[in-house]
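Number of protein chains: 2
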Amino acid sequence: MTALAPTAAAPALAPHADTALAALGGLRINGARLLQRLNELAAIGATPEGACCRLALTDDDRAGRERVIGWMRELGLQVQIDPIGNLFGLRPGTDDLPPVMTGSHIDTVRTGGRYDGCLGVIGGLEVVHTLNDAGIRTRRPLVVAAFTNEEGARFAPDMLGSLVYAGGLPLAEALDRIAIDGARLGDELVRIGQAGSAPLPLYRPHAYVELHIEQGPVLDAEGITIGAVENLQGISWQELTLTGQSNHAGTTPMRLRHDAGYAAAAIGHFLRGLTKEMGGNQVATVGALTLHPNLINVIPARAVMTVDLRNTDETRLQQAEQALNAFLATLAKEEGVTITSRRLARFEPVVFDAGVAALIARQAQALGHSCRPMTSGAGHDAQMLARLCPTAMVFVPSVKGISHNPAEHTAPEHLAAGADVLLRTLVALGA
Amino acid sequence: MTALAPTAAAPALAPHADTALAALGGLRINGARLLQRLNELAAIGATPEGACCRLALTDDDRAGRERVIGWMRELGLQVQIDPIGNLFGLRPGTDDLPPVMTGSHIDTVRTGGRYDGCLGVIGGLEVVHTLNDAGIRTRRPLVVAAFTNEEGARFAPDMLGSLVYAGGLPLAEALDRIAIDGARLGDELVRIGQAGSAPLPLYRPHAYVELHIEQGPVLDAEGITIGAVENLQGISWQELTLTGQSNHAGTTPMRLRHDAGYAAAAIGHFLRGLTKEMGGNQVATVGALTLHPNLINVIPARAVMTVDLRNTDETRLQQAEQALNAFLATLAKEEGVTITSRRLARFEPVVFDAGVAALIARQAQALGHSCRPMTSGAGHDAQMLARLCPTAMVFVPSVKGISHNPAEHTAPEHLAAGADVLLRTLVALGA
Numbered sequence: 000m001t002a003l004a005p006t007a008a009a010p011a012l013a014p015h016a017d018t019a020l021a022a023l024g025g026l027r028i029n030g031a032r033l034l035q036r037l038n039e040l041a042a043i044g045a046t047p048e049g050a051c052c053r054l055a056l057t058d059d060d061r062a063g064r065e066r067v068i069g070w071m072r073e074l075g076l077q078v079q080i081d082p083i084g085n086l087f088g089l090r091p092g093t094d095d096l097p098p099v100m101t102g103s104h105i106d107t108v109r110t111g112g113r114y115d116g117c118l119g120v121i122g123g124l125e126v127v128h129t130l131n132d133a134g135i136r137t138r139r140p141l142v143v144a145a146f147t148n149e150e151g152a153r154f155a156p157d158m159l160g161s162l163v164y165a166g167g168l169p170l171a172e173a174l175d176r177i178a179i180d181g182a183r184l185g186d187e188l189v190r191i192g193q194a195g196s197a198p199l200p201l202y203r204p205h206a207y208v209e210l211h212i213e214q215g216p217v218l219d220a221e222g223i224t225i226g227a228v229e230n231l232q233g234i235s236w237q238e239l240t241l242t243g244q245s246n247h248a249g250t251t252p253m254r255l256r257h258d259a260g261y262a263a264a265a266i267g268h269f270l271r272g273l274t275k276e277m278g279g280n281q282v283a284t285v286g287a288l289t290l291h292p293n294l295i296n297v298i299p300a301r302a303v304m305t306v307d308l309r310n311t312d313e314t315r316l317q318q319a320e321q322a323l324n325a326f327l328a329t330l331a332k333e334e335g336v337t338i339t340s341r342r343l344a345r346f347e348p349v350v351f352d353a354g355v356a357a358l359i360a361r362q363a364q365a366l367g368h369s370c371r372p373m374t375s376g377a378g379h380d381a382q383m384l385a386r387l388c389p390t391a392m393v394f395v396p397s398v399k400g401i402s403h404n405p406a407e408h409t410a411p412e413h414l415a416a417g418a419d420v421l422l423r424t425l426v427a428l429g430a
Numbered sequence: 000m001t002a003l004a005p006t007a008a009a010p011a012l013a014p015h016a017d018t019a020l021a022a023l024g025g026l027r028i029n030g031a032r033l034l035q036r037l038n039e040l041a042a043i044g045a046t047p048e049g050a051c052c053r054l055a056l057t058d059d060d061r062a063g064r065e066r067v068i069g070w071m072r073e074l075g076l077q078v079q080i081d082p083i084g085n086l087f088g089l090r091p092g093t094d095d096l097p098p099v100m101t102g103s104h105i106d107t108v109r110t111g112g113r114y115d116g117c118l119g120v121i122g123g124l125e126v127v128h129t130l131n132d133a134g135i136r137t138r139r140p141l142v143v144a145a146f147t148n149e150e151g152a153r154f155a156p157d158m159l160g161s162l163v164y165a166g167g168l169p170l171a172e173a174l175d176r177i178a179i180d181g182a183r184l185g186d187e188l189v190r191i192g193q194a195g196s197a198p199l200p201l202y203r204p205h206a207y208v209e210l211h212i213e214q215g216p217v218l219d220a221e222g223i224t225i226g227a228v229e230n231l232q233g234i235s236w237q238e239l240t241l242t243g244q245s246n247h248a249g250t251t252p253m254r255l256r257h258d259a260g261y262a263a264a265a266i267g268h269f270l271r272g273l274t275k276e277m278g279g280n281q282v283a284t285v286g287a288l289t290l291h292p293n294l295i296n297v298i299p300a301r302a303v304m305t306v307d308l309r310n311t312d313e314t315r316l317q318q319a320e321q322a323l324n325a326f327l328a329t330l331a332k333e334e335g336v337t338i339t340s341r342r343l344a345r346f347e348p349v350v351f352d353a354g355v356a357a358l359i360a361r362q363a364q365a366l367g368h369s370c371r372p373m374t375s376g377a378g379h380d381a382q383m384l385a386r387l388c389p390t391a392m393v394f395v396p397s398v399k400g401i402s403h404n405p406a407e408h409t410a411p412e413h414l415a416a417g418a419d420v421l422l423r424t425l426v427a428l429g430a
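Protein chains in written order, with numbering that gives the first Met the number 0: chain A, 0 to 430; chain B, 0 to 430.
One should not assume that every hint holds.
Identical chains blur together in the list; that is why a pair holds if it fits in one copy or across any two.
[Claimed, not checked] List time: in silico DSSO-like cross-link candidates among lysine-lysine, alpha-carbon distance up to 30 Å: (1) Lys332 to Lys399; (2) Lys275 to Lys332; (3) Lys275 to Lys399.
FYI, nobody ran anything at the bench for these hints, they're computed from the structure. Given the structure is predicted, the values throughout are model-derived calculations rather than measurements.
Here chain A stands alone, though its shape is the one from the complex:
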């Protein structure tokens, strides 16, 4: 990962940006107000264990959406909903130009935390509130968006609302998706009163910036406040089945073994070495592994294991896949095992706009916050918006990297720092 030079040119940046930023002076968002809205939203769908459960298009999601719409109206935003339920609040600019958009999602997984997604939506509202209070108008309109079913915990796929918005999934197909509880997505949208009639896509933004918690441990471990997210990992998932020969652990000499368990271990060991050799942001994980017959004194006849490879660079990700394939071929021959692979998932990496990422890094620096360029290991609505316009993300630390868990936490000063960076970035892009 190369460092972002704070003075790098930002191609998407308007000439008046510096003037607009100077006009902000020492303006800051209101951290207490930001936290209050986050807590208020977290109370909707709160579980006894302290988690948030607002699965997409449930009654709790409706209540959350209605609260967000209420805030939008209080802030003077023009609210519109599109046919897939994406929610938009527009603050007009001085000129009739394509807007600068920010946002995220407010749906959660079943055991969601308070900040995943919500910080991006409420952070956007807090920017609007701050600009309103200061009487500052941007040249371009600002839009705060909340996209439908980002988590994918009730309907597949995840990031469904932003995917439809970006033209990656036909509306009719999305409306026909069936939930894990059997409900049809289109019917649920109508049921909760969130099937809008805005054009699709409603806006083709000038730029999109999403504020989000990292959901990983990097910023927390390094004591850094702001991540300027410049790309998002590609994912390669496969399941390997290794078939050897079951035999007595005592009477079978090493040279006569066809040990599926050893082969699985060799793959795990190889993958770690591969990530070291490739360096950069190549990661590899064997998360699931099952041996058969799984007895202490029997050489395993079969192993079924998953391999999760991720990289921000498609070429490098393919290199990792090819290196693994070559290793599997050699291993199968040497150990006398057969290895079959089943593809479980494959997504190419997304590269965000370098100018927008550099702009984010410069605003963090201007505010005196430590900042580093980052890669997102998780999927976000921003990756869909990147198909439409220059896009990047602002990350703030997740304590111990914990997410999708009631223990998800980000320090209040980090939440505020992220919203301050968002404020300046949106103002610069809107100039």
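Once you have looked at the hints, place chain B on chain A.
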């Protein structure tokens, strides 16, 4: 493993051995008769799947014992049973000297094959039958033994009858053992009429030779007919629990991981390397491994795995244990995982009598059978008898090394070859 020189001195061999062997001329056992008795015994406790189920001291074991006693009486042997149910048939010699003993066991596991154990007992009877038919008397008495509960499938420990015989477990303690079905061993012995009154031990043999199927793949893979077993592996079993930290497989950089699954793979990989480095007959197996939470996109927080180490040399086995311990300490530090170990079993290796093993090899050679020195990877009654007298074993091939399985098989000519080697070995030792 060093090759046995066929001309090596056999310390246990009497001076008249060569004369006695010469007197045998071309005498061979009757392979058809051997197979017939094996099949007859296999029919007792036969299962629909083609396996033999004569768990120790059950009604089927009683029926098997009664058939063996019947054969012993038909062959003119003096039958005695000791208080732990070990069964002996003695063929008097010309002199009143400690006898040469052969034998094995006739109890089976729940899915036993036809030859495991039975070949040693019925092979001994076939030797007696052959000597009777030829009118040959040995100087020393010959004894054919069938030891109680060798498999350990109904009562723990395995090799119980021979262990008590060799003084390794007090009789009273053995009689109090409780079966997996709740029955007391002493009560079951009385119930099936096999609680004898012979002294314990009834004989202190001049030598003990046991004919057995290999239950491993070596002879079959190498196309060799006879194994001259010179030792029996020591066993070290432990269960390792590795505790790391569960984290997101995408957002957690390699350098921040504490991956219990990787640590388990590293151990499996290390053990294979260790066996290569140590060479000889060091074997290592990870038979069982479970990951938690065992999900494709979550770095494993915990791994529980077994490690099975075996060697014929106690010093080398300890070296392997120490090398593993040193590796675990380094791995725990490097990966940031904690590793705890629970000892499941530990048995020292048994070294058989080199003279008896060399004698076996010479008889195989004299008969024109290919032969190799071998190590037993499984436990046998012979390892208990080795505490009392010079002992070794004769192995014949197991097809594909399969045992404790209805598919257990040894070619009829290999069964006969083993019994021919046994005949000559017993005659030489009995001279």
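Hint by hint, here is what the structure shows:
no., hint, in the structure
1, Lys332 to Lys399, "between (42 Å within a copy, 20 Å between copies)"
2, Lys275 to Lys332, "both (25 Å within a copy, 18 Å between copies)"
3, Lys275 to Lys399, "within (23 Å within a copy, 40 Å between copies)"
Of the numbered hints given earlier, the model fails none.
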